[in-house]
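Chains as they are written, first to last, in this note's numbering: chain G, 1 to 123; chain B, 1 to 123.
If you're looking for bench data, these hints aren't it; they were derived computationally from the structure.
Just so it is clear, CB atoms sit at the ideal spot from N, CA and C, and this is done for glycine as well.
One or more of the hints may lead you astray.
[What the hints assert, rightly or not] In silico lysine-lysine, DSS-like type, Cα no more than 30 Å apart, as pairs:
id, chain 1, residue 1, chain 2, residue 2
1, G, 22, G, 71
2, G, 22, B, 22
3, G, 104, B, 44
4, G, 36, G, 76
5, B, 104, G, 104
6, B, 104, G, 44
7, B, 104, B, 71
8, B, 104, G, 22
9, B, 76, B, 44
10, G, 71, G, 44
11, G, 22, B, 44
12, G, 44, B, 22
13, G, 76, G, 44
14, G, 104, B, 22
15, B, 44, B, 22
16, G, 36, B, 104
17, B, 71, B, 36
18, B, 22, B, 104
19, G, 36, G, 22
20, B, 76, B, 22
21, G, 22, G, 104
22, G, 22, G, 44
23, B, 44, B, 71
24, B, 22, B, 36
25, G, 104, B, 76
26, G, 22, G, 76
[To be verified] Anything over 10 Å on all C-beta distances counts as not near chain B; from chain G, calculated:
id, residue
27, 6
28, 25
29, 29
30, 52
31, 55
32, 64
33, 75
34, 76
35, 77
36, 79
[As the list claims (entries may be wrong)] One-sided and incomplete, this derived list gives chain G residues near chain B with beta-carbon spacing under 7 Å:
id, residue
37, 20
38, 30
39, 45
40, 46
There are 2 protein chains.
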Amino acid sequence: MANDQTEGRFAYDGLDRTIHEKARLSILTSLSRHPKGLDFADLKSLCGLTDGNLSRHLQVLEEAGLVRIIKSFEQKRPHTSAAITPEGRARYLDYLAVLEQVLKDAVAENEKAARAPSTLKPA
Amino acid sequence: MANDQTEGRFAYDGLDRTIHEKARLSILTSLSRHPKGLDFADLKSLCGLTDGNLSRHLQVLEEAGLVRIIKSFEQKRPHTSAAITPEGRARYLDYLAVLEQVLKDAVAENEKAARAPSTLKPA
Numbered sequence: 001m002a003n004d005q006t007e008g009r010f011a012y013d014g015l016d017r018t019i020h021e022k023a024r025l026s027i028l029t030s031l032s033r034h035p036k037g038l039d040f041a042d043l044k045s046l047c048g049l050t051d052g053n054l055s056r057h058l059q060v061l062e063e064a065g066l067v068r069i070i071k072s073f074e075q076k077r078p079h080t081s082a083a084i085t086p087e088g089r090a091r092y093l094d095y096l097a098v099l100e101q102v103l104k105d106a107v108a109e110n111e112k113a114a115r116a117p118s119t120l121k122p123a
Numbered sequence: 001m002a003n004d005q006t007e008g009r010f011a012y013d014g015l016d017r018t019i020h021e022k023a024r025l026s027i028l029t030s031l032s033r034h035p036k037g038l039d040f041a042d043l044k045s046l047c048g049l050t051d052g053n054l055s056r057h058l059q060v061l062e063e064a065g066l067v068r069i070i071k072s073f074e075q076k077r078p079h080t081s082a083a084i085t086p087e088g089r090a091r092y093l094d095y096l097a098v099l100e101q102v103l104k105d106a107v108a109e110n111e112k113a114a115r116a117p118s119t120l121k122p123a
């Protein structure tokens, strides 16, 4: 295994599944860029999600304490927005550090592969 | 939405779910660093996966054409190894480009958040 002997070297345990899921990664990235929160409609548009998917994933994030859902009335109409919590931001940043490691490993791989080209033939 | 108006700005459609799943990302990163392939046992150790999980995810990757499973006999004992296919490498590199974009967006976010600190209080 060359220089990769360490057990679990590429396990990436820090890739928190609550955050890693694609739609939730979209939501958290959007919310982390808008610390004051975002309207449901704006969030839906930025993330390219359906109403149902956005609701479902926001609920998962709220239950995990990463996001806060704010329900209010504006001009007598119900209005929903969401904001990242301080814990959500901290865990998002931890997650990003692991993502950065994946990319570092991948870059190292590319340099290595360039030196020792694959012996595989296309299937 | 400040400068993020574009619909689907953070949808990250290129985050191919076949690759994005945590265990499969581990497997592909390991295999991309070992172009000649890896033994089942070595791969299992590097990825910190159980036999069952590794088998299951390798099968998904094989069905998607990203990985090739090689079954052979060594000293009359069955021997399994896996290697990334050229298509697998290409799609892995495409995926990494999107991952890089997520990180770029997140860095921009942090700089922005530092300028406009959150008004949220802990729940």
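message: Check the hint pairing residue 104 (chain B) with residue 22 (chain G) against an upper bound of 30 Å on the C-alpha distance.
response: holds, 16 Å
message: Does residue 44 (chain G) sit within 30 Å of residue 104 (chain B), going by the straight-line distance between their CA atoms?
response: holds, 21 Å
- request: Would you check the hint for residue 104 (chain B) and residue 71 (chain B), treating anything up to 30 Å between C-alpha atoms as holding?
  value: violated, 41 Å
- prompt: Is residue 104 (chain B) close enough to residue 104 (chain G), meaning Cα to Cα at most 30 Å?
  reply: At roughly 14 Å apart (the allowed maximum being 30 Å), residue 104 (chain G) and residue 104 (chain B) satisfy the hint.
task: Under 7 Å, Cβ to Cβ, is where residue 45 (chain G) needs to be relative to chain B, so tell me if that hint holds or is violated.
output: With Cβ-Cβ at 5 Å, under 7 Å, it holds.
query: Does residue 46 (chain G) pass the interface hint, meaning its C-beta sits closer than 7 Å to a C-beta of chain B?
result: holds, 5 Å
- prompt: Does residue 44 (chain G) lie within 30 Å of residue 71 (chain G) when you go C-alpha to C-alpha?
  reply: Distance of about 16 Å is within 30 Å: holds.
Verdict on residue 77 (chain G) as a residue remote from chain B, using beta-carbon distances over 10 Å: At roughly 20 Å from the nearest Cβ of chain B, residue 77 (chain G) sits farther out than 10 Å, so the non-interface label holds.
query: Taking C-beta pairs only, is residue 52 (chain G) more than 10 Å away from all of chain B?
result: At roughly 16 Å from the nearest Cβ of chain B, residue 52 (chain G) sits farther out than 10 Å, so the non-interface label holds.
query: Does the claim that residue 76 (chain G) lies outside the interface with chain B hold up, using a Cβ gap greater than 10 Å?
result: Per Cβ check, residue 76 (chain G) is outside 10 Å of chain B; nearest 24 Å; holds.
field: Agreement of residue 44 (chain B) and residue 22 (chain B) with the hint, judged by alpha carbon distance not exceeding 30 Å
entry: holds, 14 Å
field: Consistency of the no-contact label for residue 55 (chain G), given chain B and a CB cut of 10 Å
entry: Given a closest Cβ separation of 17 Å, the condition holds.
This entry does not satisfy hints 7, 20, 25, 26, 27, 28 and 29, going by the numbered hints stated previously.
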